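As given, the protein sequences belong to chains A and B, one line each in that order. Our numbering numbers the first residue of the first sequence as 1 and each following residue consecutively. Our numbering numbers the first residue of the second sequence as 1 and each following residue consecutively.
Just so you know, these hints were derived from the structure itself, not from any lab. Careful, some of the hints might be misleading.
[As the list claims (entries may be wrong)] Keeping only pairs whose Cα atoms sit at most 25 Å apart, straight-line, the calculated DSS-like set for lysine-lysine is:
{"#": "1", "chain 1": "B", "residue 1": "Lys-302", "chain 2": "A", "residue 2": "Lys-122"}
{"#": "2", "chain 1": "A", "residue 1": "Lys-122", "chain 2": "B", "residue 2": "Lys-330"}
{"#": "3", "chain 1": "A", "residue 1": "Lys-120", "chain 2": "A", "residue 2": "Lys-164"}
{"#": "4", "chain 1": "B", "residue 1": "Lys-302", "chain 2": "A", "residue 2": "Lys-120"}
{"#": "5", "chain 1": "B", "residue 1": "Lys-395", "chain 2": "A", "residue 2": "Lys-147"}
No experiment lies behind these values; they were computed from the predicted model shown.
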Amino acid sequence: MLQVTDLSKVYHNLVANDHLNFTVEPGEIAILLGPNGAGKSTAIKCIAGLLRFQGNIQICGHPNKTKEAKRCFGYIPEMPSLYEALTVREHLEFIARAYKVENWEKRADELLVRMELDDKQKKLGSELSKGMQQKVSICCALLPRPKVLMLDEPLVGLDPHAIKELKQMLLELRDEGCAILVSTHMLDSVDEFWDKALIMMKGRIAAVRTRREIEASGEDLEQLFFSITEGGRDGGTL
Amino acid sequence: MSAILYMVRKDCKNRILALLRHPAKLIMYLFLAALLVFSLLNVALAPMPELGETFADIRILHGAYFGILLFFMGMLVLNALQKGTTFFGMADVNLLFVSPLSPRKILAYGLAKQMGRTLLMVFFFLFYGAMLAQTFGIVWTDTLALVIGSAVALFVVQLLSLLLYNVTNGYPGRIRTAKGILYLYFAVVVGIIALEFMAGGSTMEALLAGVSSPKLEYLPLVGWIKAACFGYIDGDMGKMLLYIALTLLAAVLCIVVFVRGKVDYYEDVLQTTEQTQAQKDAIKKQGNAGMVNMPGKNKKLKVTVTGLNRGWGANAFFYRHLCEARRRSKLVFVDSTTALMIAINLGMAFFLGRVWEADGEKMASGMMLLIATLFSTYLLFFFNMAGAWSRELLKPYLYLVPESPFAKLIWAAMTTLLKPVVDGAILFTVMCVYLKANPWTALLGFLLYASMGAVYIAGDVLAERVIGKSANRGLIMMLYMLFLILLILPGVVVSIVLLVLFLDVAPAILLVLPAVVWNLIASAGVFYFCRNMLDNSEFINEL
Chain A
1 MLQVTDLSKV YHNLVANDHL NFTVEPGEIA ILLGPNGAGK STAIKCIAGL
51 LRFQGNIQIC GHPNKTKEAK RCFGYIPEMP SLYEALTVRE HLEFIARAYK
101 VENWEKRADE LLVRMELDDK QKKLGSELSK GMQQKVSICC ALLPRPKVLM
151 LDEPLVGLDP HAIKELKQML LELRDEGCAI LVSTHMLDSV DEFWDKALIM
201 MKGRIAAVRT RREIEASGED LEQLFFSITE GGRDGGTL
Chain B
1 MSAILYMVRK DCKNRILALL RHPAKLIMYL FLAALLVFSL LNVALAPMPE
51 LGETFADIRI LHGAYFGILL FFMGMLVLNA LQKGTTFFGM ADVNLLFVSP
101 LSPRKILAYG LAKQMGRTLL MVFFFLFYGA MLAQTFGIVW TDTLALVIGS
151 AVALFVVQLL SLLLYNVTNG YPGRIRTAKG ILYLYFAVVV GIIALEFMAG
201 GSTMEALLAG VSSPKLEYLP LVGWIKAACF GYIDGDMGKM LLYIALTLLA
251 AVLCIVVFVR GKVDYYEDVL QTTEQTQAQK DAIKKQGNAG MVNMPGKNKK
301 LKVTVTGLNR GWGANAFFYR HLCEARRRSK LVFVDSTTAL MIAINLGMAF
351 FLGRVWEADG EKMASGMMLL IATLFSTYLL FFFNMAGAWS RELLKPYLYL
401 VPESPFAKLI WAAMTTLLKP VVDGAILFTV MCVYLKANPW TALLGFLLYA
451 SMGAVYIAGD VLAERVIGKS ANRGLIMMLY MLFLILLILP GVVVSIVLLV
501 LFLDVAPAIL LVLPAVVWNL IASAGVFYFC RNMLDNSEFI NEL
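Chain B with its partners taken away, still in its complex shape (with noise of 0.2 Å):
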C-alpha cells in the first residue's frame, strides 16, 4: 500500500508543481476558485428570505434535480453494459496490475481516484448555487447539501456500474435481464408522474406535483439521494440521516459483492480502460470534435453496396462523405438525429400544447414553432461537431490531396451544410401539420434553421483559419463562441429592429427574413476569406 500511497503524493505534488510551471492555466484555476468563493459569497451572505418574499415553486428544484440524477444513473448504467466501466488509467494497468499488489488494494486506489474526481467534477456545480438560492429562496448551505448529493450519486451509480459490469460480462442474459431492470425503473418513474399528472387534471400544477412526488423518493439511489438532500433542506434530519444511511448501505453493498464475487476484475476493464485511454487521447488532441469523434464511439456498421463510384478532384471528398453516410444509414442525411430532433419537437409541442390548454389558454402554433427552431437550432450546434466535416479534419487527407484549398474546404463541409437543409426540411413539415400551422411560418423556421447550420460551420472554419490548430483548444473554443455571435448579431439586430418597428404593417416572415440572409452571406464570406485555411492550419492529430 505504501508504493500506492507514494505514487498518489507524487502525483499529486507533480501537479501542483506542472501548475506552477504554467502561470496562464494557474491563472485560470484561481479566477475559477475566485469565482466560485465570489458566487458561495453572495449565496451566504444574502439576506434571509423574507416572509412573503416570492420565488420560483421549490418542486420545480425536486424535479430538475431528480431528473438529472436520473439521467446521469442511465447513461453510466446503460455505458456499463454495453461497454464497461473504469476507475482506471492505462498506467494504472501497466504498471500496477502486474505488480505484486493485492487486486483489493489497487480497487480501493481505483475507488480513492474516483472519489476524488467526482467531487472535482461536481465541485463547479457550486457556480450555480447563487442562482439557486435567489431563484428558489434556499440558503448556501442547501445549495451544498444539493451539490454534495450529486458527488455521492454520481460516485455511487458509479460503483453500481462496476459491479453490474463485473457480474453481467460476457452474458449476455444477465445483460438483458439488467438492462430491463433499468428500463423499469425508468417506466416506474414516468408511470409515477403520468398518474399524477392525469390524476390532477393535467394542468402545470398537476405536473409540479408529479415531478416532485414524494413516491419517487423510494426508488433506490437516485431517489434516496434525492430525499436525502430534500430532507435537508425541508430540515427533516429523521428522513434525510434514513436515506443516507440506505445509500451508504447500498454503497457498501456493491463494494462487497464486487470483492467477494471475483477478485480477478483486471480483465473487465481493460478493454474499457484501453478505450477511455484512446478517448481521452482524442480530447486531448482534437478538442471538441475529439469528444463527438471518440474511438469505438460509433456503432458496428455493415459493408453491403462497395464504392465511392464518383468524383473527381476535390469533390471525392463529397462523395467519401456520401458513401460513409450512406453506411451509417440507408437514408444517408436521414439518420438518427433526424429522428431525435423530430421527436423532441414533437414531445415538446405535445407537452406544452397540453399545460397550456389545461391552464385555460391555447398557445399559437406561430408561438410553438418559434420555440422549436430556437430549440433545434441550439441541438444543431451539437450535432454540428459531429458532422464529417469535423471527422475530415482529424484525418491528414483534407491537407494532402493536390487540389485548390478553397475547393477542399467547400466540398469537405458540403454534406454538413446539407445535413441542417434535409433535417430541417423535414421537421419544419413535419412541425406545420402537427401544429396546423403556417407554411410560411414553418418555411421561416426551416430557413433560419438552414442558415445556422451554415453559420456554424463558418464560425469553425474562422477559428481554425485565425488561430491554427496548434493553439489551446480552450482557446479556440472561447474564439469560436465568440465568433458566432458577432456572425449572427447583425442579422439578428436588424430583424429585431425590424420586428418592432414594422410588425403590425409587414408579415413576420419579411422581417426575420434580413437575419436568415445575413446568415448566408456572412456563412459564404467566410468561407471565401478563409479559402486558404487549409494552407494556413495544422494538422495535429499525431503530434
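Okay, chain A solo, but in the shape it has when bound (with noise of 0.2 Å):
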C-alpha cells in the first residue's frame, strides 16, 4: 500500500505540493486529478523518490527511498526515457537483472506481446517513435510485478490497442492486490477504473471521493472536478 503524509514540495517560491495526505490500498486504483499545474506529477516524483521533499511517504510499510519500497513499486514517467544504443528486448533484460528478477524472459514475452513490441524486440530505444518509447516504459514497470504502481499521464502518446491494453493490465493488477496510483487531466481516459478520485488544485487536495461515496451520493464527479477547479473551491471540502 501506499502511504503519503504531510507531502510538501517547495521549488523555489512556488508551493508544488502542499501538505498533500492520501493513501491507496492494495487492489485499488487511485486516480490523481487536476488541471495543468496542479502539482500532480511533482507528487508522484516525490512518491518515486526522484524529487526530495518534506514529509513521510511509505511505500508497502517503508520509506520511499528505502531499497525495500522500491523493490515494491513500479513508476510509468510521463516522458518514456529509454537508453540510445539498447534494444527493446535489452531494456526488459537489464531491468530483470538490475532488479534481480528470476525467470524474467516469459513475463518479459507476454508483456511485448501485449504491447504489440513483440515484432521490435531488436528496435534500438533511439530508433522507436514516442508512443512505442512509452510502450516499451510501461514494460520495464510491470516486469517486475511492482505492489505500487504509479503512472504519470500514461495514456498520452498511446494508440487506441496500447490504450484498451493497458487499462486491462490496471484492473488485472488491482485484482491481483496492486496499489495503483495515476496522474491525469483527462477525466473521460480513467472513468470506467477508478476507485478513488483525489481532485488536486494549486498543489493542495481539494477534495477526495471514493467511486461507491459517488455513487451513492448521486453527486458527478465531472461536475465536483469544475466546482473545484473553475468555481475557485479549493481546501477545506474533502
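Using the supplied hints, reconstruct the complex from the two chains, each of which is provided in its own coordinate frame.
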C-alpha cells in the first residue's frame, strides 16, 4: 500500500505540493485529477523518490527511498526515457538484472506481445517513436511485478490498442492486489476504472471521493471537478 | 510584416521585463557588461605602443584569426551538409510557417534574428580585446574590427550553409560534391601553409610566414574577411574595402540564389529546427551533460550481437554500459576519442619536434611527454562529460533501481572511470615508443592522466551532492570547477614543493607520485562521502 503524509514540495518560491495526505490501498486504483500545473506530476515524482520533499511517504510499509520500497513499486513517467543504444528486449533484460527478477523471459515475452512490441525487440531505443517508447517504459515498470504502481499521464501518446491493453492490465493488477496511482487531467480516460479520486488544485488536495461515495450520493465527479477547478472552491472540502 | 515586427517588439520587451523580474540574472549581465566596458576602457586608454616596445609577432594573430574563422566555417558547413541548418525556432515553425505571411518576409525575419544572435555571441569576444591589444600591440579599434569580422564571418557562413543545405538536401551526389569542395578548400589551406613552411626551411619563422601568408587571403569568405580586418589594422583601406565588397557580394549572392531558387524552404528547415529545439531543451534541462548528449548527436548504431548477458543488481548498470559501448565501438573502451587523442598528441609531438630541431635545439622527450600529459588531461575534461556516467544521470532508472545508492554510484561511474585508464595506457605507450622516452616518465604521465579521470567524476559527484539538480546549471558548473581545483590542489602543491626541493637527488617520478596518489585518495574519499548522493539529488529530466 501507499501512504502519503504531509507531503510538501517547494521550488524556489513556488509551492508545488502543499501538505498532501492520502493513501492508496492494495487492490485500489486512485486517480490524481487536476488541471495543468496542479502539482500531480510533482507529487508522483516525489513518491517515486526522484525529487526531494518534506513529509513522509511509505510504500509497502517502507520509506519510499529505501531499497525495500523501491523493490515494491513501479513508475511509468509521462515522458519515456529510454537508452538510445539498447534494444527493446535489452531494456527488459537490464531491468530484470537490476531488479534481480528471476525467470523474467516469459513475463517479458508476455508484456511485449500485449504491447505489440514482440516484432520490435531488436529495435534500438533511439529508433522508436514516442508512443513505442512509452510502451517499452510500461513493460519495464511492470516486469518486476510491482505491488504499488504509479503512472504519470500514462495514456498520452499511446495508440488505441495500447490504451485498451493498458487499462486491462491495470484492472488485472488491481485484482492481484496492486495499489495503483494514476495522474491525469483527462477524466474521460480513466472514468471506467477508478476507485478513488483525489482532486488537486494549486498544489493541494481539494477533494477526495470514492466511487462508492459518488454512487451513493449521486454526486457527479466531473461537476465536482469543475466546481473546484473553475469555481475557486479549494481546500476544506475533503 | 507588421505582425512580425509586433512579435519582435513584444519579444524584446518581454525579455527585458523577464530580466527585471530576475534580479540575479540582471546583476550577472550588468557585471559582465561592466567587465566588458572595463576591458574596453583598459584598451582604449592604454598609451599608444612606443617605438621599440616589443610585442608578440602579429603573424601569430594572423594565423590564429584565420584558423578560428576556418574552424567555424568547416564546422557550420559540414554540419549543414550532414544535418541541415536553420535560423528558426519551433515557435516560428508552428506559428509563422503556417500563417499567410510571405515566406520571403519570414526568411528576412529569420536572417535578422540570426544576425542579432551572432552579434550577441561574438560581443563577448571583446573580453579578449585587452589581452590582444597588450600581446600584439594593437589598438582598441583594431580589436573591434576583429570582433566585427568574426560576426560577419559567422553570419555569412551560416547564410552559405543554409543555401548549401537548400541546394543539396535530398541529393546525395550534390552533398558529396559540396563536401569535396570543402575538403579541397582545406587542402588548399594546408598546402599553402605547408609549402611556405618547407620553403622557409621548416623553422618557426617559416611556420609564421606560412600561417600569415597573403595567399590565404585569396580564399573566399574566410580569407576575404580576414584580409578586410587586417587591411584595416595595417591601414590599407583599399584592401579593406575590396575584401568587404567581395564578402558583401557573396552574402547577397547567397540570399538571391536562395530566394530565387526554392521559396518552399519550410520542409528543408523543419527537421533541423525540431532537432535544434530538442538540443536546446537538452541543454536547458541537463546543462553541460545536455550539451554533449544532445538528441540526434549520436551516430547510427548497428545491432549485431544482442543481450547484456551479465550483471545482477547494481552492477547491471556496468554491464549495460559495456553493451552500449560495444555497440558504439567494437573495441569497447577504444573508440574515436582514443584515436583522436593519439592523433592530436602525435601531431603535436611531430610538429614541436620539427620546430625545435629547425631552430637548432632538441626538445627533451620528457618535456614532450609532460606537454602531452597536460594537454590530454585538459581534453579529458571534455571527453568525460560525454561519458556513460553523465548519460546515466539523465535517466530515471539510476534513482529507481532497488540497490544501495553507493553501489549504484560506483557501478554507474565504472566505465567512465576505466576509459581514461585504457586510453591512457594506449596513448602513453604510443607516445613513449614514438618519442623513445623513458618508460618511467611515460608511466607517470599515464598515472596522472588516469587519476585525473577519477578526479573529474569525483568533482561532478561532489557538485551534484552539495547542490542537487534543481539548482542553476551555471552555479553547478562554477562549483564543479571550484571543487576540481580544491581536489587537485593539495597533491599538486606537495609535488611542486618536492620537485623544487629534491629534483637533483630523486627521480621526478617519485616526486610527482604524491599528486597521483592524492588524486586517487581524494576521488575515493569524495565517492565515499557522497555515497548517498542518489538519494539526495533530484532527477529533473522532465521538469
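If you draw a straight line from the CA of Lys-395(B) to the CA of Lys-147(A), is it 25 Å or shorter? holds (23 Å)
Would you mind confirming whether the straight-line C-alpha gap from Lys-302(B) to Lys-122(A) stays at or under 25 Å? holds (10 Å)
Taking only the CA atoms, is the gap from Lys-122(A) to Lys-330(B) under or equal to 25 Å? With Cα atoms ~18 Å apart, Lys-122(A) and Lys-330(B) stay inside 25 Å; holds.
Agreement of Lys-120(A) and Lys-164(A) with the hint, judged by alpha carbon distance not exceeding 25 Å: holds (20 Å)
Straight-line Cα separation of Lys-302(B) and Lys-120(A) no greater than 25 Å? holds (15 Å)
Of the numbered hints stated above, none is contradicted by the structure.
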